[in-house]
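Engineer: This is what each chain is made of:
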Amino acid sequence: MNAPANVGSVEAVRDFRSDLLRFGEQGTDCLDSLYGQVHRMVDWLEHDRPAYWQQQVRRAYDRVAAARLGLQRCQMRQVGDHRPACAEEKQELTRAKARLEYSRQQVEVVRRCQRVVEEEANQFRGRCGQVVNLFERDVPRMAGLLDRILVSLEAYVAAAAPEPLPLVVDGDSAASKLSGPGEES
Amino acid sequence: MAVVDLHTGAARLSEALVQLEAAWGRVRVTWNDKSRHHFEAEHIEEITPTVRLTLDAINRLAEVFARAERACLDEER
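Top line first, the protein sequences correspond to chains L and H. Numbers given in this note's numbering equal positions in the first sequence, counted from 1, plus 67. Numbers given in this note's numbering equal positions in the second sequence, counted from 1, plus 179.
Everything labelled a hint here was simulated from the structure, so no lab data went into it. Yeah, the Cβ is synthetic: ideal placement off N, Cα and C, and Gly gets one too. Please note that the accuracy of each hint is not assured.
What the hints assert, rightly or not - Chain H stretches covered by chain L per the calculated footprint, using a threshold of three residues with CB under 8 Å from any CB of chain L:
(1) 190-199
(2) 202-214
(3) 234-248
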């Protein structure tokens, strides 16, 4: 014999089925959006950053060359016995060399970050396997199960419902028939 | 402005879970029989830990992304 159902509101179960499906859709949307962000980060590291830092290296080489030329020109501007200090030109050459070194290092930093991010992104996709199954497989299954439960509940409620009362029985109103013993108004 | 934003997606996922938990809380008070207990034990109870694990994974990835972004930006510009 089946266990008795105890449901105060079949409508509440039906509402939950809708909420569950909405949850599945929201979850799938969120994951799509997150995967999009992961792809964007990987793309930024594989294309944008290498191009940027390689361009910075080229610019830094040009800047070093220009600074060397500026220093040579300055040093040639000897007036009598006076040799110019060329402090500004020396400073600019130092700054240009530092920028070149920094830009070269950044090319390597980007390579390292690519490897780390790619590995973490793969691990993330792996960790998401369970939640992807939840949204794409389990939630629709649960909704299907709720459908079957709802059919059973509706059948149970229909079977348990009392026969509709006639509106007028022997001159008495149906309302008076609804009152139980000792509940006379 | 950050290159990527994982926090918005994580917040939306977290909010979806909160909404579902509230919805289940509403149905639980009106449905109390063997079939509800079975449905809860077999299906509902796995949802929260699964989503929480994913949220942890998103937070971990967001930290890695933030570090990589800081390292690869041009500090001198």
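Engineer: Against each hint, give a clear statement of whether it holds in the structure.
Structural biologist: Tested hints:
1. Counting residues of the region 190-199 of chain H whose CB falls under 8 Å from any CB of chain L gives 6; the rule of at least 3 is met.
2. With 11 residues bearing a CB less than 8 Å from a CB of chain L, the region 202-214 of chain H meets the requirement of three and the coverage assertion stands.
3. With 8 residues carrying a beta carbon less than 8 Å from a beta carbon of chain L, the region 234-248 of chain H meets the three-residue requirement, and the given coverage holds.
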